[in-house]
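> The whole structure should be built from the sequences, with the hints applied where relevant.
Position one of the sequence shown corresponds to residue 1 (the numbering used here), numbered consecutively onward.
Calculated from the structure, these hints are not laboratory results. As the structure is a computational prediction, the values presented were derived from the model and not from experiment. Worth double-checking, as some hints may not be accurate.
To be verified - Across the chosen pairs, the derived CB separations fall in these ranges:
(1) His284 with Asn81: 22 to 32 Å
(2) Ala116 with Ser37: 48 to 58 Å
(3) Leu294 with Asp141: 16 to 26 Å
(4) Ile71 with Glu288: 41 to 51 Å
Think of the CB as a built atom: it goes at the ideal place given N, C-alpha and C, for glycine as much as any other residue.
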Amino acid sequence: MRENLTLQQLQAFVQIVATGSFRGAAAQIGVSQPALSRTIRQAEQTLQARLFDRDTRNVEITPIGQELLPIAQRILREFDNSFGELGQFLQGRSGRVAIATLPSIGAALIPQAIAAFRSQQPQVEFSLIEAPADALLASIDEGHADFGLTVRPAPDRKLRYRHMLNDPFVLLCPRDDPLASRDSVPWSVFTTRPFIGSQKRSSIRPITDAALMRLSVSPSLEYPSVSACGALISAGLGITALPRMALDLVRMEKLVAIPLVRPQVNRSIGIVTRIGRTLPPVSHTFIETLVNQLSLQSSQTP
1 MRENLTLQQL QAFVQIVATG SFRGAAAQIG VSQPALSRTI RQAEQTLQAR LFDRDTRNVE
61 ITPIGQELLP IAQRILREFD NSFGELGQFL QGRSGRVAIA TLPSIGAALI PQAIAAFRSQ
121 QPQVEFSLIE APADALLASI DEGHADFGLT VRPAPDRKLR YRHMLNDPFV LLCPRDDPLA
181 SRDSVPWSVF TTRPFIGSQK RSSIRPITDA ALMRLSVSPS LEYPSVSACG ALISAGLGIT
241 ALPRMALDLV RMEKLVAIPL VRPQVNRSIG IVTRIGRTLP PVSHTFIETL VNQLSLQSSQ
301 TP
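What follows is the structure, given as C-alpha coordinates:
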(Lines of atoms letter the chains of each structure in order from A and count residues from 1; the text may use other names and numbers.)
(Lines give C-alpha, C1' and ligand atoms only; values in the text may rest on other atoms or scores of the structure.)
Protein backbone atom coordinates (compact mmCIF):
# COMPACT_ATOMS: atom_id res chain seq x y z
CA MET A 1 0.00 0.00 0.00
CA ARG A 2 1.32 3.43 -0.95
CA GLU A 3 0.53 6.36 1.33
CA ASN A 4 0.80 9.78 -0.29
CA LEU A 5 1.49 12.78 1.89
CA THR A 6 1.63 16.26 0.42
CA LEU A 7 4.67 18.51 0.65
CA GLN A 8 2.60 20.86 2.80
CA GLN A 9 1.91 18.04 5.26
CA LEU A 10 5.55 16.97 5.34
CA GLN A 11 6.69 20.56 5.89
CA ALA A 12 4.20 21.00 8.74
CA PHE A 13 5.29 17.75 10.34
CA VAL A 14 9.01 18.56 10.18
CA GLN A 15 8.45 22.09 11.48
CA ILE A 16 6.51 20.83 14.50
CA VAL A 17 9.36 18.45 15.32
CA ALA A 18 11.88 21.29 14.95
CA THR A 19 10.01 23.77 17.16
CA GLY A 20 8.51 21.29 19.61
CA SER A 21 5.07 22.87 19.45
CA PHE A 22 2.14 23.45 17.12
CA ARG A 23 2.06 27.15 18.00
CA GLY A 24 5.74 27.69 17.18
CA ALA A 25 5.49 25.71 13.94
CA ALA A 26 2.41 27.66 12.84
CA ALA A 27 4.25 30.93 13.41
CA GLN A 28 7.28 29.71 11.44
CA ILE A 29 5.20 28.51 8.51
CA GLY A 30 2.87 31.51 8.56
CA VAL A 31 -0.47 29.75 9.10
CA SER A 32 -2.96 29.66 11.93
CA GLN A 33 -2.64 26.99 14.60
CA PRO A 34 -6.04 25.43 13.74
CA ALA A 35 -5.01 25.23 10.06
CA LEU A 36 -1.77 23.50 11.05
CA SER A 37 -3.67 21.07 13.25
CA ARG A 38 -5.98 20.21 10.34
CA THR A 39 -2.96 19.57 8.10
CA ILE A 40 -1.45 17.13 10.61
CA ARG A 41 -4.82 15.47 11.20
CA GLN A 42 -5.21 14.91 7.44
CA ALA A 43 -1.70 13.42 7.29
CA GLU A 44 -2.51 11.08 10.16
CA GLN A 45 -5.76 10.04 8.45
CA THR A 46 -3.82 9.25 5.28
CA LEU A 47 -1.29 7.15 7.21
CA GLN A 48 -3.95 5.76 9.57
CA ALA A 49 -1.48 6.39 12.38
CA ARG A 50 -0.68 9.11 14.90
CA LEU A 51 2.42 11.23 14.31
CA PHE A 52 2.31 13.08 17.65
CA ASP A 53 1.07 12.34 21.15
CA ARG A 54 -0.12 15.69 22.41
CA ASP A 55 -2.09 17.34 25.16
CA THR A 56 -2.53 20.99 26.11
CA ARG A 57 1.07 21.25 27.32
CA ASN A 58 3.24 18.68 25.58
CA VAL A 59 3.88 17.41 22.06
CA GLU A 60 5.81 14.15 21.63
CA ILE A 61 6.64 12.44 18.36
CA THR A 62 5.41 8.86 18.07
CA PRO A 63 7.52 5.90 16.88
CA ILE A 64 5.83 6.14 13.48
CA GLY A 65 6.69 9.86 13.44
CA GLN A 66 10.30 8.99 14.27
CA GLU A 67 10.38 6.64 11.28
CA LEU A 68 8.83 9.26 9.01
CA LEU A 69 11.09 12.14 10.08
CA PRO A 70 14.29 11.35 8.10
CA ILE A 71 12.18 10.43 5.07
CA ALA A 72 10.30 13.72 5.22
CA GLN A 73 13.51 15.70 5.73
CA ARG A 74 15.12 14.02 2.70
CA ILE A 75 12.08 14.64 0.49
CA LEU A 76 11.91 18.33 1.46
CA ARG A 77 15.65 18.74 0.97
CA GLU A 78 15.53 17.14 -2.49
CA PHE A 79 12.52 19.26 -3.39
CA ASP A 80 14.33 22.46 -2.36
CA ASN A 81 17.45 21.44 -4.28
CA SER A 82 15.43 20.60 -7.37
CA PHE A 83 13.61 23.91 -7.32
CA GLY A 84 16.93 25.65 -6.75
CA GLU A 85 18.17 24.02 -9.96
CA LEU A 86 14.98 25.06 -11.73
CA GLY A 87 15.49 28.61 -10.49
CA GLN A 88 19.01 28.61 -11.95
CA PHE A 89 17.57 27.39 -15.27
CA LEU A 90 14.77 29.99 -15.29
CA GLN A 91 17.29 32.75 -14.56
CA GLY A 92 19.37 31.68 -17.56
CA ARG A 93 22.27 30.52 -15.39
CA SER A 94 22.23 26.84 -16.32
CA GLY A 95 21.24 24.65 -19.24
CA ARG A 96 22.50 24.16 -22.79
CA VAL A 97 22.84 26.69 -25.61
CA ALA A 98 22.65 25.14 -29.09
CA ILE A 99 24.03 27.50 -31.76
CA ALA A 100 24.15 27.08 -35.53
CA THR A 101 26.63 29.38 -37.23
CA LEU A 102 28.34 30.11 -40.51
CA PRO A 103 31.99 29.00 -40.30
CA SER A 104 33.34 32.54 -40.58
CA ILE A 105 30.98 33.93 -37.93
CA GLY A 106 31.69 31.03 -35.62
CA ALA A 107 35.40 31.70 -35.79
CA ALA A 108 35.10 35.47 -35.41
CA LEU A 109 32.45 35.82 -32.69
CA ILE A 110 31.57 32.63 -30.88
CA PRO A 111 34.79 31.60 -29.03
CA GLN A 112 35.22 34.95 -27.29
CA ALA A 113 31.51 35.18 -26.48
CA ILE A 114 31.41 31.70 -24.94
CA ALA A 115 34.57 32.37 -22.93
CA ALA A 116 33.13 35.61 -21.54
CA PHE A 117 29.79 33.98 -20.74
CA ARG A 118 31.31 30.93 -19.08
CA SER A 119 33.47 33.11 -16.86
CA GLN A 120 30.20 34.20 -15.24
CA GLN A 121 28.12 31.05 -15.71
CA PRO A 122 30.55 28.09 -15.77
CA GLN A 123 27.77 25.49 -15.49
CA VAL A 124 26.26 26.36 -18.89
CA GLU A 125 26.93 23.89 -21.71
CA PHE A 126 27.25 24.79 -25.39
CA SER A 127 26.54 22.84 -28.55
CA LEU A 128 27.83 24.23 -31.84
CA ILE A 129 26.69 23.43 -35.37
CA GLU A 130 28.78 24.83 -38.23
CA ALA A 131 27.03 24.80 -41.60
CA PRO A 132 26.40 26.77 -44.81
CA ALA A 133 23.38 29.07 -44.81
CA ASP A 134 20.70 26.67 -46.11
CA ALA A 135 21.69 23.80 -43.81
CA LEU A 136 21.99 26.25 -40.93
CA LEU A 137 18.41 27.47 -41.40
CA ALA A 138 17.21 23.86 -41.62
CA SER A 139 18.86 23.06 -38.29
CA ILE A 140 16.92 25.93 -36.67
CA ASP A 141 13.66 24.93 -38.33
CA GLU A 142 14.07 21.31 -37.21
CA GLY A 143 14.96 22.25 -33.64
CA HIS A 144 18.58 21.07 -33.66
CA ALA A 145 19.72 24.63 -32.82
CA ASP A 146 18.11 27.25 -30.58
CA PHE A 147 19.23 30.03 -32.88
CA GLY A 148 21.61 30.76 -35.72
CA LEU A 149 24.19 33.40 -36.58
CA THR A 150 23.96 33.92 -40.30
CA VAL A 151 23.17 36.25 -43.19
CA ARG A 152 19.70 37.75 -43.53
CA PRO A 153 17.50 34.96 -44.93
CA ALA A 154 14.77 35.40 -47.51
CA PRO A 155 11.40 36.35 -45.96
CA ASP A 156 10.02 33.29 -44.21
CA ARG A 157 6.92 32.92 -42.09
CA LYS A 158 8.72 30.44 -39.81
CA LEU A 159 11.92 32.37 -39.12
CA ARG A 160 12.67 35.69 -37.41
CA TYR A 161 15.81 37.72 -38.16
CA ARG A 162 17.38 40.18 -35.71
CA HIS A 163 20.13 42.27 -37.27
CA MET A 164 23.42 42.46 -35.38
CA LEU A 165 26.11 43.94 -37.63
CA ASN A 166 27.30 44.71 -41.15
CA ASP A 167 30.39 42.78 -42.22
CA PRO A 168 32.24 44.77 -44.96
CA PHE A 169 33.85 43.07 -47.93
CA VAL A 170 37.59 43.40 -48.52
CA LEU A 171 39.93 42.45 -51.34
CA LEU A 172 42.27 39.59 -50.56
CA CYS A 173 45.51 39.45 -52.53
CA PRO A 174 49.14 38.31 -52.09
CA ARG A 175 51.34 40.49 -49.93
CA ASP A 176 53.72 41.10 -52.87
CA ASP A 177 50.87 42.07 -55.24
CA PRO A 178 50.91 45.69 -56.59
CA LEU A 179 47.40 46.11 -55.09
CA ALA A 180 48.72 45.41 -51.59
CA SER A 181 49.96 48.98 -51.15
CA ARG A 182 46.58 50.54 -51.92
CA ASP A 183 44.40 52.11 -49.20
CA SER A 184 41.25 50.87 -50.96
CA VAL A 185 40.31 49.19 -54.22
CA PRO A 186 37.14 49.47 -56.39
CA TRP A 187 35.19 46.36 -57.37
CA SER A 188 36.12 47.05 -60.98
CA VAL A 189 39.59 45.63 -60.20
CA PHE A 190 38.12 42.17 -60.77
CA THR A 191 37.64 42.96 -64.48
CA THR A 192 41.41 42.99 -64.88
CA ARG A 193 42.42 40.05 -62.67
CA PRO A 194 41.30 36.41 -62.24
CA PHE A 195 38.49 36.34 -59.66
CA ILE A 196 38.35 33.38 -57.29
CA GLY A 197 34.74 32.94 -56.17
CA SER A 198 32.93 30.88 -53.56
CA GLN A 199 30.79 27.92 -54.44
CA LYS A 200 27.14 28.67 -55.17
CA ARG A 201 25.88 27.16 -51.91
CA SER A 202 27.97 29.65 -49.91
CA SER A 203 26.30 32.67 -48.28
CA ILE A 204 29.07 34.81 -49.82
CA ARG A 205 28.30 33.93 -53.45
CA PRO A 206 24.96 35.79 -53.88
CA ILE A 207 26.55 38.97 -52.52
CA THR A 208 29.59 38.89 -54.81
CA ASP A 209 27.42 37.91 -57.80
CA ALA A 210 25.22 40.97 -57.19
CA ALA A 211 28.24 43.28 -56.81
CA LEU A 212 29.90 41.96 -60.00
CA MET A 213 26.80 41.56 -62.16
CA ARG A 214 27.19 44.87 -64.05
CA LEU A 215 30.91 44.21 -64.50
CA SER A 216 30.29 40.87 -66.25
CA VAL A 217 32.82 39.14 -64.02
CA SER A 218 32.57 35.40 -63.36
CA PRO A 219 34.89 33.24 -61.24
CA SER A 220 37.95 31.71 -62.85
CA LEU A 221 38.01 29.25 -59.93
CA GLU A 222 35.55 28.32 -57.18
CA TYR A 223 36.83 27.56 -53.71
CA PRO A 224 35.20 24.94 -51.43
CA SER A 225 36.12 26.74 -48.20
CA VAL A 226 37.50 30.10 -47.10
CA SER A 227 40.76 28.52 -45.94
CA ALA A 228 41.17 26.90 -49.38
CA CYS A 229 40.54 30.31 -50.95
CA GLY A 230 43.48 31.74 -49.05
CA ALA A 231 45.71 28.92 -50.26
CA LEU A 232 44.67 29.50 -53.89
CA ILE A 233 45.46 33.21 -53.63
CA SER A 234 48.81 32.53 -51.93
CA ALA A 235 49.64 30.30 -54.91
CA GLY A 236 49.10 33.27 -57.27
CA LEU A 237 45.93 31.91 -58.92
CA GLY A 238 43.88 35.08 -58.51
CA ILE A 239 42.30 37.47 -56.02
CA THR A 240 38.94 37.53 -54.28
CA ALA A 241 36.40 39.49 -52.23
CA LEU A 242 35.68 38.24 -48.72
CA PRO A 243 33.72 39.55 -45.73
CA ARG A 244 36.18 40.86 -43.17
CA MET A 245 35.08 38.34 -40.53
CA ALA A 246 35.96 35.49 -42.86
CA LEU A 247 39.63 36.43 -42.59
CA ASP A 248 39.81 34.54 -39.27
CA LEU A 249 39.68 31.36 -41.37
CA VAL A 250 42.58 32.37 -43.64
CA ARG A 251 46.33 32.04 -43.09
CA MET A 252 47.28 35.67 -43.63
CA GLU A 253 51.10 35.42 -43.51
CA LYS A 254 51.43 35.88 -47.28
CA LEU A 255 48.21 37.83 -47.84
CA VAL A 256 46.81 41.34 -47.43
CA ALA A 257 43.21 42.51 -47.00
CA ILE A 258 42.25 45.90 -48.51
CA PRO A 259 38.86 47.67 -48.19
CA LEU A 260 36.66 47.36 -51.28
CA VAL A 261 34.84 50.53 -52.39
CA ARG A 262 32.70 51.81 -55.22
CA PRO A 263 30.43 50.34 -54.12
CA GLN A 264 30.95 49.51 -50.46
CA VAL A 265 29.35 46.11 -49.93
CA ASN A 266 28.43 44.54 -46.60
CA ARG A 267 27.25 41.15 -45.50
CA SER A 268 24.30 41.53 -43.10
CA ILE A 269 24.74 39.28 -40.06
CA GLY A 270 22.09 38.60 -37.47
CA ILE A 271 20.35 36.16 -35.16
CA VAL A 272 17.75 33.82 -36.65
CA THR A 273 15.17 32.04 -34.49
CA ARG A 274 12.12 29.92 -35.19
CA ILE A 275 8.84 31.82 -34.76
CA GLY A 276 6.58 30.11 -32.24
CA ARG A 277 9.35 28.12 -30.54
CA THR A 278 10.24 29.05 -26.96
CA LEU A 279 13.96 29.41 -26.37
CA PRO A 280 15.58 28.11 -23.18
CA PRO A 281 16.16 31.02 -20.78
CA VAL A 282 19.93 30.50 -20.99
CA SER A 283 19.82 31.01 -24.78
CA HIS A 284 18.00 34.31 -24.27
CA THR A 285 20.66 35.34 -21.76
CA PHE A 286 23.51 34.37 -24.08
CA ILE A 287 21.95 36.21 -27.04
CA GLU A 288 21.63 39.42 -25.03
CA THR A 289 25.21 39.02 -23.81
CA LEU A 290 26.39 38.58 -27.40
CA VAL A 291 24.43 41.62 -28.63
CA ASN A 292 25.73 43.78 -25.78
CA GLN A 293 29.30 42.63 -26.42
CA LEU A 294 29.05 43.55 -30.12
CA SER A 295 27.50 46.91 -29.25
CA LEU A 296 30.38 47.65 -26.88
CA GLN A 297 32.96 46.65 -29.49
CA SER A 298 31.28 48.89 -32.09
CA SER A 299 31.30 51.86 -29.74
CA GLN A 300 35.02 51.40 -29.09
CA THR A 301 35.93 51.11 -32.79
CA PRO A 302 37.32 54.42 -34.12
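> Can you list which hints this structure breaks, lowest number first?
none
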